[in-house]
Amino acid sequence: MSEHTYMRKELRIAALLVIVALGMMGVASSQEAKHEPDADIQKAILAADNERYDAMQKKDMAALDRLHGDGLVFINTKGRMLNKAEYLEEIRSGALKFLSVETDDYTFCIYGDTAIMSGRAKSVVEYHGVVNKKPRRFTSVFIKMHGQWVLVAHQATLIADESN
Amino acid sequence: MSAERILRIGLIALACSGIAKGQSDVPSQAVQQEVLKAEASRDEAMQKADMAVLNRIYADNVVIVNTRGVHLTKAQRLADFQSGDLKFLSFDQGDYSFHIYGDTVVLNGRANSVVQFHGKVNRVPRKFTLTYVKLNGEWRLVAQSETLIDQPQ
Chain P
866 MSEHTYMRKE LRIAALLVIV ALGMMGVASS QEAKHEPDAD IQKAILAADN ERYDAMQKKD
926 MAALDRLHGD GLVFINTKGR MLNKAEYLEE IRSGALKFLS VETDDYTFCI YGDTAIMSGR
986 AKSVVEYHGV VNKKPRRFTS VFIKMHGQWV LVAHQATLIA DESN
Chain D
4 MSAERILRIG LIALACSGIA KGQSDVPSQA VQQEVLKAEA SRDEAMQKAD MAVLNRIYAD
64 NVVIVNTRGV HLTKAQRLAD FQSGDLKFLS FDQGDYSFHI YGDTVVLNGR ANSVVQFHGK
124 VNRVPRKFTL TYVKLNGEWR LVAQSETLID QPQ
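Top to bottom, those sequences are chains P and D.
Each position in the first sequence, counted from 1, maps to that position plus 865 in this note's numbering.
Each position in the second sequence, counted from 1, maps to that position plus 3 in this note's numbering.
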């Protein structure tokens, strides 16, 4: 290979690197600016959330472990904050049971690999022997990790009776 | 321009793209300080009803769930501050925990602030989750959720 040909090859590689780098920067900045709900992401998150509820009802601990981030922070309607181990233990032990699952009125906000899902839950839940049928508002934060959406934060708040 | 020089430019551009993604270049302590600084600005702005600062910190599509389980938009929350329907009579929050996922920070904590909402004073302590996302170089609040802490009878 002549010196001239070698330099041309290097030039092509360098130009390609610049294009790839600029492309990656473009992707990063578009993620920063992305606010619009994306139908495919919403579907993927709803699928992950449905799988989560299904796993809770079946006490499928392997699936629950996979679907919750290690840094999970879960705040229940009593204002009690649980980490992943505490939350999964409540499900495994039967202290937390979903007698029925019903969620609706979703709002999604997507920021790259972060998704905020808010909604209303009318699920019937038994918690430490007490059945709760009161409707709740929840906010869930999902992060895409290694190609999968996992729940990293969840907070539920009882919907106040407007007559009070 | 020499091939070597162009290669250098390519490598610098590659490095810059990593910084732009901001996945792990900033130490977590520095990120915590940045988010706490945004929180301090928000706290001060809430007490002074400084709408310009609140408008900058709350993301346009912020999802807010208050202690009554009501879902509020940014416009509704800012209107509450502007009208005086929501007033912080004292501000006290702490017991923070941080979880950092690249340009997303989940901040949990406890608030003991005394709040007046539509004429009713609320002194019940609350647990909160705040989610901040770095958008165009600034930490913006994209989700806020609050739940009253069940008091033992």
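I should point out that these hints are in silico values taken from the structure, not numbers from a laboratory.
There's no promise every hint is true.
What the simulated footprint calls covered on chain D by chain P, stretch by stretch (three residues with Cβ under 8 angstroms from a Cβ of chain P suffice, anywhere in the stretch; the number is not a length) [what the hints assert, rightly or not]:
| hint | segment |
| --- | --- |
| 1 | 47–58 |
| 2 | 70–78 |
| 3 | 81–87 |
| 4 | 115–126 |
Across the chosen pairs, the derived CB separations fall in these ranges [what the hints assert, rightly or not]:
| hint | chain 1 | residue 1 | chain 2 | residue 2 | range |
| --- | --- | --- | --- | --- | --- |
| 5 | D | Ser-31 | P | Asp-903 | 20 to 30 angstroms |
| 6 | D | Leu-39 | P | Glu-967 | 35 to 45 angstroms |
| 7 | P | Tyr-918 | D | Arg-113 | 39 to 49 angstroms |
| 8 | D | Ala-33 | P | Arg-945 | 40 to 50 angstroms |
| 9 | P | Asp-935 | D | Ala-33 | 18 to 28 angstroms |
| 10 | D | Ala-82 | P | Lys-999 | 22 to 32 angstroms |
| 11 | P | Arg-945 | D | Val-73 | 16 to 26 angstroms |
It should be emphasised that the depicted structure is a prediction, and the values quoted were computed from it without experimental measurement.
Even glycine gets a Cβ: it sits at the ideal position worked out from N, Cα and C.
To see whether the hints hold, each was checked on the structure:
Only residues whose beta carbon comes within less than 8 angstroms of a beta carbon in chain P count, and the segment 47–58 of chain D has 0; fewer than three means the coverage is violated. Requiring three or more residues with a Cβ within less than 8 angstroms of a Cβ of chain P, the coverage given for the segment 70–78 of chain D holds, as 5 such residues are present. Under a criterion of three residues with beta carbons nearer than 8 angstroms to beta carbons of chain P, the stated coverage of the segment 81–87 of chain D fails, only 0 such residues being counted. Counting residues of the segment 115–126 of chain D whose beta carbon lies closer than 8 angstroms to any beta carbon of chain P gives 0, which falls short of the minimum of three for the stated coverage.
In this structure the supplied range 20 to 30 angstroms holds for Ser-31(D) paired with Asp-903(P), their Cβ-Cβ distance being about 28 angstroms. Between Leu-39(D) and Glu-967(P), the C-beta spacing of about 38 angstroms keeps the proposed range 35 to 45 angstroms intact. Between Tyr-918(P) and Arg-113(D) the C-beta distance comes to about 28 angstroms, which lies outside the given range of 39 to 49 angstroms. Restraint check, Ala-33(D) to Arg-945(P): a C-beta distance of roughly 31 angstroms breaks the suggested window 40 to 50 angstroms.
Checked against the hint of 18 to 28 angstroms, the C-beta distance between Asp-935(P) and Ala-33(D) comes to roughly 22 angstroms, which is consistent with it. Between Ala-82(D) and Lys-999(P), the C-beta spacing of about 28 angstroms keeps the proposed range 22 to 32 angstroms intact. For the pair Arg-945(P) and Val-73(D), the supplied restraint of 16 to 26 angstroms holds, since their beta-carbon distance comes to about 21 angstroms.
The structure fails to meet hints 1, 3, 4, 7, 8 from the earlier list, while all remaining hints are met.
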